[in-house]
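Enquirer: Residue 121 in our numbering is what sits at position 121 of the sequence shown, and the numbering runs on without skipping anything.
The set of hints was computed from the structure by calculation and includes no laboratory data.
Predicted, not measured: the structure shown is a model, and the values here were computed from it.
Fair warning: there could be bad hints in the mix.
Said to hold, decoys possible - Ranges of calculated distance between the beta carbons of each label pair, as one might list FRET restraints: (1) ILE199 to VAL117: 32 to 40 Å; (2) PRO247 to VAL13: 31 to 39 Å; (3) ILE293 to VAL21: 38 to 46 Å.
For every residue, glycine included, the Cβ atom is placed at its ideal position computed from N, Cα and C.
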Amino acid sequence: MTNIIIAAGVALVFVMVGTPVWIRIVNRLGYGQMIREEGPEAHLNKRGTPTMGGTVFIVGSLVGYSAAHLATRQIPTVSGFLVLFLMTGLGLVGFVDDYIKVFKQRSLGLRSGAKMVGIVVVGVIFAIASLNFPNGYDITPASPHLSFLRDFGPSIGPYLFVVWALLLIAAMSNGVNLTDGLDGLAAGPAGMVLAAYVIIGNWQLRNSCYDYGLAPGCYSVRDPLDLAVVAAAVLGGVFGFLWWNAPPAKIFMGDTGSLALGGVLVGLAILTHTQFLLAILCGLIVMITMSVIIQVGSFKLTGKRVFKMAPLQHHFELSGWAETTIVVRFWLMSALFVAIGLGLFYLEWMPKR
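Using the sequences provided together with the hints, build the complete structure.
Expert: As structure tokens, this is what we get:
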């Protein structure tokens, strides 16, 4: 537990102190957020708000993780490195996208094809590497199986696994990006899911098939403790950022932060063998993503829109809800999804004891 506390604490302090510094730098450089003209009119007054704030909590997470290992003199694991690589790599893709937006003073950055190429390159490296580097028990960070609360069914093979991992990475990174439409709306739920993975990693460690014997219901996860440390480090960074990102936001995370958060959540899900459980834990993000799919599909098929505007949070804005009301209520919904996911995780383990 010591390394988890250190990772979260150091990242939290680093980001809380570092974000105001980043805000001053961004303001001096003139890197303010561009606002889509077709978005809600209330958002126009947010034009010029400092952006690319995800840079701070990415760096803070890396600092927190490193500090925890230096303090406890534990060697970082391959699993921890892979999740941090996925987070940082996707964050870099988002940073380039954000930089183009602010440099060219437009609401669109990288072309969708170029952004997808960046996501695919980072995702393929992560997926292939996760099927390698076995430990002393011949357990690799990921396995070529689908998983819910643990692996199930036959192996889908390494090639299909890479494709599956890419689909998860693309879906979640874009889902977090869609959710990041109101102040604090993405950071709050992401933090809750990260807290869940701190618990899941800890639980898998204490019921590991290799550290504590082949007990019924044990987990064959390569580095559960270090995955919990990664989740704690990012959690501390996100909560430190949320202090400045909560309504009214002093800074936005930008694509830098949203792509990075999507990456770290998928990385944790794949390496803790809880791929489908992520859809429940991230139920709010899934719901918001589905609202866009439904809106686009309905308009193309019938010429009619289901919502006043998509993503879903903008529908409620146009229905007269205050921004803080939407954010708090969506946070509550996210907490409920996380509670359901953790409940399912624990109940699946109970009968086997």
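Enquirer: Please name the hints from earlier in the document that this structure breaks, with their numbers sorted from lowest to highest.
Expert: 2
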